[in-house]
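Peer 1: These are the residues of each chain, in order.
Protein chains: 2
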Amino acid sequence: MAKDMTLLWGSGSAPCWRVMIALEEKNLQGYNHKLLSFDKMEHKSQEVLDINPRGQLPSFKHGDNIVNESYAACFYLESQFKSQGNRLIPDSPAEQALTYQRMFEGLALYEKVGGVIYYEYYVPEEERHDSALKRNKEALVTELKLWEGYLKKLGSGSFVAGKTFSLADVTVFPTVAVLFQFGLSAERYPVLGEYYALLKDRPSIKASWPPHWLENTKGQDTLKEI
Amino acid sequence: MAKDMTLLWGSGSAPCWRVMIALEEKNLQGYNHKLLSFDKMEHKSQEVLDINPRGQLPSFKHGDNIVNESYAACFYLESQFKSQGNRLIPDSPAEQALTYQRMFEGLALYEKVGGVIYYEYYVPEEERHDSALKRNKEALVTELKLWEGYLKKLGSGSFVAGKTFSLADVTVFPTVAVLFQFGLSAERYPVLGEYYALLKDRPSIKASWPPHWLENTKGQDTLKEI
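Here the protein sequences come in this chain order: A and B.
For the first sequence, this note's numbering begins at 6 and goes up steadily by one.
For the second sequence, this note's numbering begins at 6 and goes up steadily by one.
Be aware that one or more of the hints could be misleading.
Just so you know, same-sequence chains aren't split out, so a pair can sit in one copy or run between any two.
Using 35 Å as the maximum straight-line C-alpha spacing, the simulated DSBU-like pairs for lysine-lysine come out as follows [unchecked claim]:
#, residue 1, residue 2
1, 87, 8
2, 45, 211
3, 139, 45
4, 157, 8
5, 139, 49
6, 229, 150
What the hints contain is simulated information worked out from the structure, not anything from laboratory work.
In isolation and in its complexed conformation, chain A is listed as follows:
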């Protein structure tokens, strides 16, 4: 029981979900957690700011150690609980190289997804340009084709960095789930669709599925035409 850990999180946030999957994979259930609302701006509340001066979720604490950045928390948990639960960084140099490489390419994927689905959220109305959104969409398509190719090369039934589930899946899967929640077509992106289907029922992922997605299983259609 991880009673000395506290996670402040928001539903549907890929960064929060990464940390929750890592906690599950390391058998660290039973941590203290509090679901906060982005809509109500609770990520800017004093409770969050006390742990995280950026006013962002996740905010995560283990004892006195504060590790708010989602990738930082994933590395920390894997390192501190190396022999507990599933090993998330492979030992073999080749598998390890691919795990790290895909993990960090996952940040480019996440950024490009955000450039489309959060465009109106981040760009004030008077600064929006159809040309910019069009370019962001093209960049996302290029990015998605790259990942289709990566997964295809690894072969059917593979995880994102090979035959073993790893930190690359912990960090990349939530973004892939966001893509499909926002309407990405599994017909147009069949390899990503297969990867999504392979992982969505994994216990660590199912246990941490964004609760508000369960209420709205239809999702959105922002990415339908991508």
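Chain A is fixed; fit chain B onto it per the hints.
Peer 2: This is chain B only, laid out in the frame that chain A set:
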């Protein structure tokens, strides 16, 4: 001698510099390397694309293992050469937590620096807005104050995550150096200025200093008023 390693890099790129510092810290001198020109678009050359489908620098290969993302390469080098050169991830949970946390906050710092100094490079002329650049500058100031506070709290003569040089310095220092190269005032940001002065002559950093900065020691003044 690291003859089984190849690095394609560009001068003044913080991501490239991170990998070069990590190589120096791990005593991996003697690797093959090739300096390419961003101005001449050599990062989009076939030579790069063969290793890195994104057409980005750094592009890095160790034997058959390709690790292009700079953070991925840093983790890979530290893990594969753990007992060689300087240890870059501390063992103590508290120091490790802070190392990871600052490392990944370093990505926010880098992004905010880029939002100001590369604004015209990334945003087509017809999409530029004074209001956007002003907001980016304000975000950078907020970010810089955060780091001033972090370093101040650790006390004079500290590295970015404590008393020991770590991967957090490997990844964050190049961004700090970019700030001063682009004119940041050490009078206005004295703690960052002290950190910069502390590290700039460290052998790993001096050995990998961007060559075109040596030719243009005056730098630019983009950030003079920040």
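Peer 1: What label fits residue 87 with residue 8 when the C-alpha limit is 35 Å: within, between, both, or neither?
Peer 2: Result: close both inside a copy and across copies, 18 Å intra and 32 Å inter.
Peer 1: My question is about residue 139 and residue 45: at a cut-off of 35 Å on alpha-carbon distance, are they close within one copy, between copies, both, or neither?
Peer 2: both (30 Å within a copy, 27 Å between copies)
Peer 1: Is the C-alpha distance from residue 45 to residue 211 at most 35 Å within one copy, between copies, in both cases, or in neither?
Peer 2: Within. Shortest intra-copy distance 26 Å satisfies the 35 Å Cα cut-off; inter-copy 48 Å does not.
Peer 1: Could you place residue 157 and residue 8 in one of the four classes (within, between, both, neither) given a Cα distance threshold of 35 Å?
Peer 2: The answer is between: 32 Å across copies meets 35 Å, while 41 Å in one copy does not.
Peer 1: Between residue 139 and residue 49, at a C-alpha cutoff of 35 Å, which is it: within one copy, between copies, both, or neither?
Peer 2: both (32 Å within a copy, 22 Å between copies)
Peer 1: Reference check for the pair residue 229 and residue 150, CA-CA at most 35 Å: within, between, both, or neither?
Peer 2: So residue 229 and residue 150 pass the 35 Å test inside one copy only (16 Å; across, 41 Å).
Against the hints set out earlier in the document, no violation occurs for any number.
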